[in-house]
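S.K.: Spelled out from the first residue to the last, the chains are:
There are 2 protein chains.
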Amino acid sequence: MHDLPALLKKIDNYGVANPFPEAPRALYEPCSYILNLGGKRLRPALLLMATELFTDSIDRALPAAWAVELFHNFSLMHDDIMDAAPLRRGQPTVHTRWNTTTGILSGDVMLIHAYRHLASFQDAAVVAELVKVFNRVAIEVCEGQQYDINFETRNDVTLPEYIRMIELKTAVLLGGAMEMGAICAGASTADAEHLYHFGRLAGIAFQIQDDLLDTYGDPAKFGKQVGGDILQNKKTFLVLKALEIMPAENRSALETWLQTGPEAPGKVEAVRSIFDQNRIPELANAEKKQFQTEAFNHLEQVGVPVTRKAALRELITTLLDRDR
Amino acid sequence: MHDLPALLKKIDNYGVANPFPEAPRALYEPCSYILNLGGKRLRPALLLMATELFTDSIDRALPAAWAVELFHNFSLMHDDIMDAAPLRRGQPTVHTRWNTTTGILSGDVMLIHAYRHLASFQDAAVVAELVKVFNRVAIEVCEGQQYDINFETRNDVTLPEYIRMIELKTAVLLGGAMEMGAICAGASTADAEHLYHFGRLAGIAFQIQDDLLDTYGDPAKFGKQVGGDILQNKKTFLVLKALEIMPAENRSALETWLQTGPEAPGKVEAVRSIFDQNRIPELANAEKKQFQTEAFNHLEQVGVPVTRKAALRELITTLLDRDR
Chain A
1 MHDLPALLKK IDNYGVANPF PEAPRALYEP CSYILNLGGK RLRPALLLMA
51 TELFTDSIDR ALPAAWAVEL FHNFSLMHDD IMDAAPLRRG QPTVHTRWNT
101 TTGILSGDVM LIHAYRHLAS FQDAAVVAEL VKVFNRVAIE VCEGQQYDIN
151 FETRNDVTLP EYIRMIELKT AVLLGGAMEM GAICAGASTA DAEHLYHFGR
201 LAGIAFQIQD DLLDTYGDPA KFGKQVGGDI LQNKKTFLVL KALEIMPAEN
251 RSALETWLQT GPEAPGKVEA VRSIFDQNRI PELANAEKKQ FQTEAFNHLE
301 QVGVPVTRKA ALRELITTLL DRDR
Chain B
1 MHDLPALLKK IDNYGVANPF PEAPRALYEP CSYILNLGGK RLRPALLLMA
51 TELFTDSIDR ALPAAWAVEL FHNFSLMHDD IMDAAPLRRG QPTVHTRWNT
101 TTGILSGDVM LIHAYRHLAS FQDAAVVAEL VKVFNRVAIE VCEGQQYDIN
151 FETRNDVTLP EYIRMIELKT AVLLGGAMEM GAICAGASTA DAEHLYHFGR
201 LAGIAFQIQD DLLDTYGDPA KFGKQVGGDI LQNKKTFLVL KALEIMPAEN
251 RSALETWLQT GPEAPGKVEA VRSIFDQNRI PELANAEKKQ FQTEAFNHLE
301 QVGVPVTRKA ALRELITTLL DRDR
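One line per chain: the protein sequences are A and B, in this order.
Quick note on my numbering: the first sequence kicks off at 1 and runs consecutively.
Quick note on my numbering: the second sequence kicks off at 1 and runs consecutively.
Hints were generated in silico from the structure; no laboratory data involved.
Since the model is a prediction, treat every value here as computed from it, not as a measurement.
Take these hints with a grain of salt, some might be off.
What the hints assert, rightly or not - Lysine to any residue pairs mimicking SDA-like chemistry, simulated, CA-CA at most 25 Å apart: (1) B:K234 <-> B:P262; (2) A:K132 <-> B:P19; (3) B:K234 <-> A:R60; (4) B:K132 <-> A:K235; (5) B:K132 <-> A:Q232; (6) B:K132 <-> A:K40; (7) A:K9 <-> A:R89; (8) A:K235 <-> B:A26; (9) B:K132 <-> A:K288; (10) A:K132 <-> B:E29; (11) B:K267 <-> B:Q232; (12) B:K132 <-> A:G39; (13) B:K234 <-> A:N99; (14) A:K9 <-> A:S32; (15) B:K132 <-> A:K234; (16) A:K10 <-> A:E29; (17) A:K234 <-> B:T100; (18) B:K234 <-> B:I245; (19) A:K132 <-> B:P262; (20) A:K288 <-> A:G261; (21) B:K132 <-> A:R60; (22) A:K267 <-> A:R308; (23) A:K267 <-> A:E294; (24) A:K235 <-> B:P24; (25) B:K132 <-> A:E29; (26) B:K289 <-> B:R313; (27) A:K132 <-> B:K289; (28) A:K132 <-> B:N18.
Isolated chain A, as found in the complex (with noise of 0.2 Å):
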């Protein structure tokens, strides 16, 4: 069995081996760069280790990693412009450091390079199969994006429609490498289908979780500022789990901040303690623990030993008990 840092080395080994096309500079400069920021290469990584719960030679699998790490980086493009981002990991995004045309064209090539990679399997069973669970995954993460658009300009978002969301915007991608790293070990339609399941359902539990370190984590250790949402008033679990529960007559305080702008005093604090008063942070842990069983339930029924399935569930495991 390969460890993380060995996983991640194939998969750089990968990208150096297959790097973009020389000419023309200018559309396959900024793929380099997004790809060069720093990225954990997650998705890929999982992908290769649900290829190894059915088999030692992972290596096979290595296109469609990249290929799901090509995607994540091509939606990562496109979002910075349509969020009109200036920073990606402390850095200048594509579209600031290059252009809006730049940004656009480059994601483009891009997500066509991902599916030629997928292409490039041999078996044209797999290369059919793979790139059906990457267009399912694909159309979803875009109508994910769209409704994150949509809900901004909208005050009456439901938590099971941010649950459904967060689902098709981010948990879907996990799910999908998951599995398609299985049908590159040629497993089974079941398997596979747990596979997808356990990363959806971990996914949309990571992304509870995110919600909660940004504004319960560790300053010295989460990246961003923490609190940031609230200034933003991004309508996150940790809101809609406030305005879903809270009787009607208590939200006006809440309601009242989520129309101030993030330069408010106090804003964060206050904002905060109608969560905690509220058990917010107790409900969106349970409810992401909820998830988390779920998912592992559909770990626990993929048929390989359960030996073969320790890395991956510490993994994840580890990753879902980040401090907050």
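Using the hints, position chain B against chain A.
M.R.: Okay, now just chain B, sitting in the frame of chain A:
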């Protein structure tokens, strides 16, 4: 054999029978909008005609034909953002009618839906082959668009560079469509490749013709303002041919005009007169004919009876003989 209206009817029926999902509406409405702006469906029609060279049962190729049409419209949607184009076929472009975010995201999902149609073939070998050709062509289209953008800020573009750019940006998609049509019919690799080159070379001839029509077209028949390329100082085949063949000491008048704005009085007539004095339209026509001849040489080598090729030969000839 099906005539062109019959092919177009099949294509539209397939589109109607395979609509985008209903939701999210904000994502898919712009996709349907651009598809219904009155495009001629030339690429999917050529794909079906390529299939019909080999077999009477052309319906099997419809998913590939529709995928090519979706790809074409994806590229239009994103190109319109990059070109800041307000209108397409007299109607507001997607990013004008909605916004840039919509233009990016709806384009992205339309591209992925193109792959979804490709992946809908039962035979995995066909899926894998189609996806490979589609990837190669789609990457080249992006690269061509990048070269086109690069050329805007270069003053030393050569005619061979220009031809390579239009080959990538527009011609390979015609070639790829016909190659995919052959693949859908189970044609031999040699025949599929001849059809690729037939479409590619005809596509270059089309683009030279477009450049000619923009300057020399009949205003009553030409959809756009005749002389538009000259007014915008576009580096067309005509300009680059003139700069290539004129002795350095005679180029200054043309070079001076290329530095004026669209409001310079008498610009179109003056530049056209320089072209005429240097027999540029004749030279452009000769080069167009050369590509056309090379194209038809490839069609001749496709191993089916000559009677089966009549419809394709006639359509391309008619399209390439439009009035100057």
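S.K.: Indicate, hint by hint, whether the structure satisfies it.
M.R.: Verification of the supplied hints:
This hinted pair checks out: K234 of chain B and P262 of chain B have alpha carbons roughly 11 Å apart, not beyond 25 Å. Restraint check: the Cα-Cα separation between K132 of chain A and P19 of chain B comes to about 18 Å, which is no more than 25 Å; the hinted pair holds. Taking the CA atoms of K234 of chain B and R60 of chain A, the gap is near 48 Å; set against the 25 Å cutoff, the hint is violated. Among the hinted pairs, K132 of chain B with K235 of chain A is inconsistent with the structure: their alpha-carbon atoms are about 42 Å apart, more than 25 Å.
With a C-alpha separation of about 44 Å, the suggested pairing of K132 of chain B with Q232 of chain A is violated against the 25 Å cut-off. Proposed proximity of K132 of chain B and K40 of chain A is contradicted: the alpha carbons are some 29 Å apart, above 25 Å. For a cut-off of 25 Å, the pair hint linking K9 of chain A to R89 of chain A stands: about 21 Å separates their Cα positions. Between K235 of chain A and A26 of chain B the alpha-carbon distance is near 20 Å, which keeps this suggested pair within the 25 Å criterion.
Distance restraint check for K132 of chain B and K288 of chain A: the Cα-Cα separation of roughly 41 Å exceeds the 25 Å cut-off, and the hinted pair is therefore not satisfied. Straight-line distance between C-alpha atoms of K132 of chain A and E29 of chain B comes to about 24 Å, which keeps the hinted pair within the 25 Å bound. Taking the CA atoms of K267 of chain B and Q232 of chain B, the gap is near 10 Å; set against the 25 Å cutoff, the hint holds. For the suggested pair K132 of chain B and G39 of chain A, the alpha carbons sit about 28 Å apart, so the restraint of at most 25 Å is broken.
Of the pairs offered as hints, the one joining K234 of chain B and N99 of chain A holds, with about 22 Å between alpha carbons and a cut-off of 25 Å not exceeded. Between K9 of chain A and S32 of chain A, the direct Cα distance comes to roughly 17 Å. Compliance with the 25 Å bound is thereby established for this hinted pair. Restraint check: the Cα-Cα separation between K132 of chain B and K234 of chain A comes to about 42 Å, which exceeds 25 Å; the hinted pair is violated. Proposed proximity of K10 of chain A and E29 of chain A is supported: the alpha carbons are some 22 Å apart, at most 25 Å.
Proximity of K234 of chain A to T100 of chain B is assessed by CA-CA distance (about 22 Å); at most 25 Å being required, the pair is judged to hold. Pair hint K234 of chain B plus I245 of chain B holds up; C-alpha atoms about 18 Å apart against a cutoff of 25 Å. The suggested pairing of K132 of chain A with P262 of chain B is violated, with an alpha-carbon distance near 49 Å, which exceeds 25 Å. For the suggested pair K288 of chain A and G261 of chain A, the alpha carbons sit about 29 Å apart, so the restraint of at most 25 Å is broken.
Between K132 of chain B and R60 of chain A the CA atoms are separated by roughly 18 Å; this keeps the pair inside 25 Å, and the hint holds. With a C-alpha separation of about 48 Å, the suggested pair K267 of chain A and R308 of chain A falls outside the 25 Å cut-off, and the hint is violated. Of the supplied pair hints, the one linking K267 of chain A and E294 of chain A is violated, its CA atoms being roughly 35 Å apart against a limit of 25 Å. At most 25 Å may separate the alpha-carbon atoms for a hinted pair to count; K235 of chain A and P24 of chain B meet this at roughly 19 Å.
At most 25 Å may separate the alpha-carbon atoms for a hinted pair to count; K132 of chain B and E29 of chain A meet this at roughly 24 Å. The suggested pairing of K289 of chain B with R313 of chain B holds, with an alpha-carbon distance near 14 Å, which does not exceed 25 Å. Distance hint between K132 of chain A and K289 of chain B is unfulfilled; the C-alpha atoms sit about 42 Å from each other, more than 25 Å. A distance of roughly 17 Å separates the Cα atoms of K132 of chain A and N18 of chain B; the hinted pair therefore holds under the 25 Å criterion.
Checked against the numbered hints given earlier, the structure breaks hints 3, 4, 5, 6, 9, 12, 15, 19, 20, 22, 23 and 27 and satisfies all the rest.
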